[in-house]
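2 protein chains.
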Amino acid sequence: MTWRARAMPASVDPALVGEHARREDDVLERIVSIVGRHAIPKGEIHIGDDAAVLAPFVGEALISTDVAVLGIHLDEKLFPLEDLGFKAVASAVSDLAAMGGRPRGAVIAVSSPMGTDLEELHRGIADAAAMTNCPIVGGDLTRARDVSVAVTVFGECPGRGAVLRSGAKPGDTILVTGPLGRSAAGLRRRREGFPLDDELVVAHRRPWPRLSEGIAARSAGAHAMMDLSDGIGLDLHRLADASKVGFELDLVPTAHGATKEESISGGEDYELLIVTDDPGRLQMIFLDRGLRAPIAIGHIVADNSVRTLKGETFERHGWQHQL
Amino acid sequence: MTWRARAMPASVDPALVGEHARREDDVLERIVSIVGRHAIPKGEIHIGDDAAVLAPFVGEALISTDVAVLGIHLDEKLFPLEDLGFKAVASAVSDLAAMGGRPRGAVIAVSSPMGTDLEELHRGIADAAAMTNCPIVGGDLTRARDVSVAVTVFGECPGRGAVLRSGAKPGDTILVTGPLGRSAAGLRRRREGFPLDDELVVAHRRPWPRLSEGIAARSAGAHAMMDLSDGIGLDLHRLADASKVGFELDLVPTAHGATKEESISGGEDYELLIVTDDPGRLQMIFLDRGLRAPIAIGHIVADNSVRTLKGETFERHGWQHQL
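Those protein sequences? They're chains A and B, same order as listed. For the record, in the first sequence the residue sitting at position 104 is 104 according to the working numbering, with numbers rising by one throughout. Just add 1000 to the spot in the second sequence (first one is 1) and you have the working numbering.
Note that these hints are calculated values from the structure, not bench results. We treat Cβ as the ideally placed atom computed from N, Cα and C, and that holds for glycine. Please note that a few of the clues may not be correct.
Coverage of chain A stretches by chain B, computed from C-beta distances (three or more under 8 Å per stretch; other residues unrestricted) [said to hold, decoys possible]:
#1 64–76
#2 239–251
Straight-line C-alpha distance at most 25 Å; calculated DMTMM-like pairs for lysine to aspartate or glutamate [claimed, not checked]:
#3 B:Lys1260 x B:Glu1248
#4 A:Lys169 x B:Glu1044
#5 B:Lys1169 x A:Glu44
#6 B:Lys1042 x A:Asp241
#7 B:Lys1169 x B:Glu1119
Looking at chain A on its own, in the form it has when it is part of the complex (with noise of 0.2 Å):
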């Protein structure tokens, strides 16, 4: 790894190499500068070796990997380049705090054509990264016609295991840590002409995983949990099913601001969906430890093919993507 840009010698598309071509070491240099910033733990080896080296994890380990892609899941017409970073590595994360747990580091492996301000970009990921303290170990760098960003995040869970999906029981109560259709009106918002200051555009662009929840939640003996990325029309059925249980929701929490459509189908607002027999312990936990309550929104029921949303059938609703 080393953050390296490496080419192996398969037939180049000349397209892809200008004549302005910087030497990689520079281009890695600055990157490596940009999100090399974090300090490092004594006897970890983050970046200039064949892979990077973490002092041992405690408790399970989590891994998870994300693909952001420009012109897919950013409007490079309404957002900054830095955007796309940003929300690829926050999007990893929300996937660990949706287990519980604590990142130890992440890597990077982007690709791009020639003229991509790749330094811009880095940025987005260095700030998602210094804002969830979830260090870049390494990274991997290479041409291609799209923009695009994965990110691979590891963590652990000291103590209690990860929180599944799957653990969802009977009677137990639904909670969500927070309104949501936030991110789903920011880009409407957005659209219509709003500034990328706008609070529900910042939500969108500058999504915030719920790791401290996650946490709290795993403490708290939390039966299933999952963060709502495809939106809670989509993501409560996909938990139901994992759990082979059914729902009756009586309320979904909508976001000032935001249309009850963008609450319920609207993604990527990285709230956490928590599934507990004692919600009083949760929300106590919760507020022990500066966390805002999360709202109990229904209770899990044992047939499957109970759905509903105060009474009435909750359809399955959201981003389903073509392959």
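Got chain A; can you put chain B on it based on the hints?
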């Protein structure tokens, strides 16, 4: 994660979504059946939750990432698509071998345009994972114009710590685990019309990470190690730079069928470069484990400006990718 194919609610290029689009779940199901053939250790969760959950790592944790792009890292006119998947995984696993690590798992992020044979690509990924005993524990699928495979591998170092590039000391012996140039010779032969099952063409298509050799070298207390991914003409300089030393080579062992130039500058051999103060012990441990004895090729000197082969200056060669 949960092996998903996800679109964020941004502006999707309609050209990327064809009429014959298949539903993601069908594609995912087939892919998971291809890469998920390995036995899952008790208590681990590989595919199906937000992140993969692995049993605690023993000793230091190793992480490395690599991305391979069709048309840059593999010429699709000469090689089948499955080779891209195979080489991407093998190249990443080789980074673990280079530290003396033992693989624990890998995650795969694949981007591809409509119509890509994702099953063929993932068969190559699965083959390399099976051969290296590195289970695929999760992945991510996305639409893009390029076919690209980003592989992140993680491993562990039970007992003695990882072998770095930076530990070479004056007087140490330099060894390689095999003769060089096989991969570059195989690429040349394929371009000349040799069949896919020609021995050297296979060496190019199906590189074999030297995992057992790397673990043996770590057990033997090797001072420094790296894998020859870009050719000894570049990689040995990198090791010397990291260790702040020079070297005097007596020979560069050239594989049967390869040219001198291919043995020095050809990349992707993935033989290991090993530096030790006790080559007798190293060779004994290799033979004890049924491994081919490494070949002594020279020694380390204190003056880092001394870089010679048979007394002549040994220039930096090999692949330098333009960004």
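So, going through the hints one by one against the coordinates:
Only residues whose beta carbon comes within less than 8 Å of a beta carbon in chain B count, and the segment 64–76 of chain A has 11; three or more means the coverage holds. Under a criterion of three residues with beta carbons nearer than 8 Å to beta carbons of chain B, the stated coverage of the segment 239–251 of chain A fails, only 1 such residues being counted. A distance of roughly 18 Å separates the Cα atoms of Lys1260 (chain B) and Glu1248 (chain B); the hinted pair therefore holds under the 25 Å criterion. Restraint check for Lys169 (chain A) and Glu1044 (chain B): the C-alpha separation of about 21 Å stays at or below 25 Å, so the hint holds.
Proximity of Lys1169 (chain B) to Glu44 (chain A) is assessed by CA-CA distance (about 21 Å); at most 25 Å being required, the pair is judged to hold. In summary, the hint linking Lys1042 (chain B) to Asp241 (chain A) is supported, as the alpha carbons are separated by about 22 Å, within the 25 Å threshold. The suggested pairing of Lys1169 (chain B) with Glu1119 (chain B) is violated, with an alpha-carbon distance near 47 Å, which exceeds 25 Å.
Against the hints set out earlier in the document, violations occur for numbers 2, 7.
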